[in-house]
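**Q** From just these sequences and the hints, can you work out the full model?
All residue numbers for the sequence shown refer to my numbering, where the first residue is 239 and numbers rise by one.
Derived by calculation from the structure, the hints in this document are not laboratory data. Yeah, the Cβ is synthetic: ideal placement off N, Cα and C, and Gly gets one too. A hint or two may mislead.
[Unchecked claim] With beta-carbon atoms standing in for the labels, derived distance ranges:
no., residue 1, residue 2, range
1, Ile255, Glu356, 40 to 50 Å
2, Glu353, Ser308, 42 to 52 Å
3, Phe244, Lys324, 38 to 48 Å
4, Glu345, Leu284, 28 to 38 Å
5, Arg279, Glu314, 19 to 29 Å
6, Glu269, Met354, 49 to 59 Å
7, Phe244, Gln339, 21 to 31 Å
8, Asn341, Asn245, 30 to 40 Å
9, Trp258, Met354, 51 to 61 Å
10, Phe244, Lys272, 17 to 27 Å
11, Asp350, Asn282, 33 to 43 Å
12, Ile255, Glu353, 38 to 48 Å
13, Lys320, Leu289, 32 to 42 Å
14, Gly257, Ser308, 21 to 31 Å
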Amino acid sequence: MSGGHFNYFHDKITQDIFGWNIDADYNLGAEEQKKGAVLARAMNPLNDVELSEMLYDLACVLKAHDWWRSGDCGVECYNKAKRYFKEKWFGKTQKQRIEAQVNKAVEQFRQDVGEMFENEE
Numbered sequence: 239m240s241g242g243h244f245n246y247f248h249d250k251i252t253q254d255i256f257g258w259n260i261d262a263d264y265n266l267g268a269e270e271q272k273k274g275a276v277l278a279r280a281m282n283p284l285n286d287v288e289l290s291e292m293l294y295d296l297a298c299v300l301k302a303h304d305w306w307r308s309g310d311c312g313v314e315c316y317n318k319a320k321r322y323f324k325e326k327w328f329g330k331t332q333k334q335r336i337e338a339q340v341n342k343a344v345e346q347f348r349q350d351v352g353e354m355f356e357n358e359e
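**A** Shown next as structure tokens:
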């Protein structure tokens, strides 16, 4: 089927923002996808090279998700794309990101409980 579960939304993003010069590639980290990321950065449609490249990479993650949901590849291709994106853009291992999310949740919980008892002193 070659995608379509999300009406080729990833193609619409890349075509509307980058023109027809660049296509999303579901295989993040492959040479073609890396070339696309370099081109997205050079085109710089968002007037911020980092955001332009990140948007292209995110469109590639969306394509991997679309292809997985459409049955064109297994969940492993989507998981690989997510992992590549997160490592590239978040600069942390999965374990470090989980720990950071747990710490944020604990801090939010601490604040919520503090506010709950704030007026009882």
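**Q** For every hint, state whether the structure bears it out.
**A** Here is how each hint holds up against the structure:
no. : hint                           : result
1   : Ile255 with Glu356: 40 to 50 Å : 46 Å, holds
2   : Glu353 with Ser308: 42 to 52 Å : 45 Å, holds
3   : Phe244 with Lys324: 38 to 48 Å : 20 Å, violated
4   : Glu345 with Leu284: 28 to 38 Å : 31 Å, holds
5   : Arg279 with Glu314: 19 to 29 Å : 28 Å, holds
6   : Glu269 with Met354: 49 to 59 Å : 54 Å, holds
7   : Phe244 with Gln339: 21 to 31 Å : 26 Å, holds
8   : Asn341 with Asn245: 30 to 40 Å : 38 Å, holds
9   : Trp258 with Met354: 51 to 61 Å : 55 Å, holds
10  : Phe244 with Lys272: 17 to 27 Å : 24 Å, holds
11  : Asp350 with Asn282: 33 to 43 Å : 41 Å, holds
12  : Ile255 with Glu353: 38 to 48 Å : 41 Å, holds
13  : Lys320 with Leu289: 32 to 42 Å : 19 Å, violated
14  : Gly257 with Ser308: 21 to 31 Å : 25 Å, holds
Checked against the numbered hints given earlier, this structure breaks hints 3 and 13; the rest are met.
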